[in-house]
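K.L.:
Respectively, the protein sequence lines represent chains A and B.
Residue 131 in full-length UniProt numbering sits at position 131 of the first sequence, and the numbers go up by one each step.
Residue 5 in full-length UniProt numbering sits at position 5 of the second sequence, and the numbers go up by one each step.
Calculated directly from the structure, the hints in this document are not laboratory data.
Beta carbons: idealized from backbone N, C-alpha and C, even for Gly.
Treat the hints with care, since some could be wrong.
Listed below are several chain A residues computed to face chain B (Cβ distance under 8 Å; list not exhaustive) [to be verified]:
#1 G130
#2 S131
#3 P140
If we take Cβ atoms under 7 Å as the criterion, some of the chain A residues that face chain B in the derived model are [stated by the list, open to error]:
#4 W14
#5 R16
#6 S129
#7 S133
#8 N134
#9 F138
#10 R141
#11 G143
#12 R144
#13 L181
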Amino acid sequence: MRGLVRVELTRLRWRRAVLLLLLACLVVPALIAAATLWDTRPVSEAEKAEIRAASTQEIARCERKPRQYGVRPARAEARCPELVVEWQTARQPLSLARERGGSGIGVAGALTVLLMLAATTFAGHDWNSGSMSNQLLFRPRRGRVWAAKAVAVTGVALLTAVLVSTAYWLTMWAAMRARDLPVADGGLSASLGLGLRGAGLAAAAALGCYALTMLLRSTVATLGVVLAFGFATLVLGDSLPMSGQWEPLDNIAAVLANGTEYYVHVPPSCYDGRYAQGRAECDDIRELPLWRGATYYGGAVVLVGAASVLSFRRRDVP
Amino acid sequence: MPDLAIQTQGLRKEFRTRRGTRVAVSDLDLAVPAGGVHGFLGPNGSGKTTTIRMLLGLARPTRGTMRLLGEPVPDRLPAVIDRVGAVVESPKFSPNLTGRQNLLLLSRSIGVPDARVDAAVETVGLSGRDRDRYKAYSLGMKQRLAIAATLLKEPDLLILDEPTNGLDPAGIREIRETIRGLGAAGVTVLLSSHILAEVQQVCTSATIVGHGRLLATGTVEDLLGGSTAYRLVVPDLPAASAALSAAGVPVTEQDGALRVETGDPAAVTRLLAARDLWLTELTPVRADLESFFLQLTEADGEDAA
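Start from the sequences, fold in the hints, and give me the full structure.
P.N.:
Laid out in structure tokens, this is it:
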């Protein structure tokens, strides 16, 4: 089995499309990091001077009528230039807490999509080229072949996602230190935790996509199913009569954010103030813990994986 | 080594289609003796490739039993697969990898040292081109690479499905010589081919199938021995043809002569002489596998219709 996994890792390493997608797993988060650092960069004195020079009319208007700008007349001369500069450089300083709800989610999402593509490309190529039958002529134990490929795909996806996520958050933390910004207690570990949960989600998604490709035997069909699922989630999600605990996006949020909340429709009687207080069914905000989200997606991967293994073991191979 | 390298009993494969069930292989009893080169003949769609795919575990039989090198398959296929090399239909490799990389992936999956890849590449004459991408190969080179892959295992049994497809005449001769050499060295080769002359030249025994059924099997000599034809020339062809037909001798008119199928040419001369029809020529027609094959498959086609 170990030998088969090594072969599959070599196959993965030699497949150019997969390598390009893994490279994109480095480049895209690097671009997100660069954009984040740029958007939160401190305002330099040169930049302030440039803005002041370009906004002389606005500053003069503020000094003439400071109250319209919310400035006390006594402080107009000092405050107006500052205020105009602040308006034009409305940049928030870098904050790990803020990025955990912003660019950190973007990184986890990008890694998930790219690793899903890598997994389906890897498996789909064996079917498209017909080389699967050749492989089985050398190793006919289909369950082992399936498992070796799954281990290779999931292992590479997990390793890539963990390394990239960790590097991302360490970069953000280092940038904050370099900018002399305060880091809240536990801020780094919370960010690294989000990165690790995101990496787990990305690896599970890659495994699911691999299993689906082995089931459908086509990259195109797999991408079609995934896109249809994404479309149903994003476009039809709100119009379907589905409780929040079953909504894919809420469950993703539960995994990434270590638990989340979702809204439920409460009975009309709850709006009668006399009875609503203290009734559990009138609480329109419910907890969706991490384990529920993990079970939701883990269950889906197990179901697809089981169908994929059964199908691969039983169906004729072209 | 068992007496039979390949054995099937009551092998059947049905495919479900939109129009119903299609039978690709019907109760096929195949027996390929160990050692030598065995031809596997049949027209397109006769079930040859499906049979091979079932033997190699790529397709599941609907029913029936199969043995490879004495082991029941597919249950014990993993135990014998390292002794079985096979090329099924067209060669199938990853197009973006080089020929060498494709072979390395296969050899490493069975724990064979990389040096054997070099040996296999040299044996099939791909040295110097093995580092080219597979997609840049000609059909002949792809075929050679597929044969090189079978040699990675140093097999006791080689199953080749149309191995000379796409090769140039020199390549065809090389591959035929390789197959003959392997047969002589004790490797059992099952050669599925539509080139009947190839089977006749290379094989010691053969099985002929049609519509998924066994039509004939045996040594090539025995198969040809069952078909004896003579070319007759007489001045009055219609009268001679009528006389022979009336006597129940299969006769056809061909190129100003009659072709009769008989094991007793003396009886034919006596019959015609009795009707005052005098032969000017009586020549044995050299039996070949092609005529025998066509005769069998045409008869099978009529039966199937």
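K.L.:
So, for every hint listed, does it hold in this structure?
P.N.:
So, going through the hints one by one against the coordinates:
Against a cut-off of 8 Å between C-beta atoms, the interface hint on G130/A holds, since the closest Cβ of chain B lies about 3 Å away. Interface hint status for S131/A: upheld, as the beta-carbon distance to the closest one in chain B is roughly 5 Å, under 8 Å. For P140/A, the interface hint holds, since its Cβ comes within 8 Å of a Cβ in chain B; the closest pair sits about 5 Å apart. Interface restraint check for W14/A: the shortest CB-CB distance to chain B comes to about 6 Å, inside 7 Å, so the restraint holds.
This hint holds: R16/A has a C-beta 6 Å from the nearest C-beta of chain B, less than the 7 Å allowed. The interface hint given for S129/A is met, as the beta carbon of that residue sits about 5 Å from the closest beta carbon of chain B, less than 7 Å. A least Cβ separation of about 5 Å between S133/A and chain B falls short of the 7 Å threshold, and the interface hint therefore holds. At its closest, the beta carbon of N134/A sits 5 Å from a beta carbon of chain B; the interface hint therefore holds under the 7 Å criterion.
Residue-level restraint check for F138/A holds (minimum Cβ-Cβ distance to chain B is 5 Å; threshold 7 Å). Hint status for R141/A: holds, given a least beta-carbon distance of 5 Å to chain B, under 7 Å. The closest approach between the C-beta of G143/A and any C-beta of chain B is roughly 11 Å, which is over the 7 Å cut-off, so the hint fails. For the restraint placing R144/A at the interface with chain B, the shortest Cβ-Cβ distance is roughly 9 Å, beyond the 7 Å limit, so the hint is violated.
Annotation: interface hint on L181/A violated; nearest CB of chain B at approximately 47 Å, more than 7 Å.
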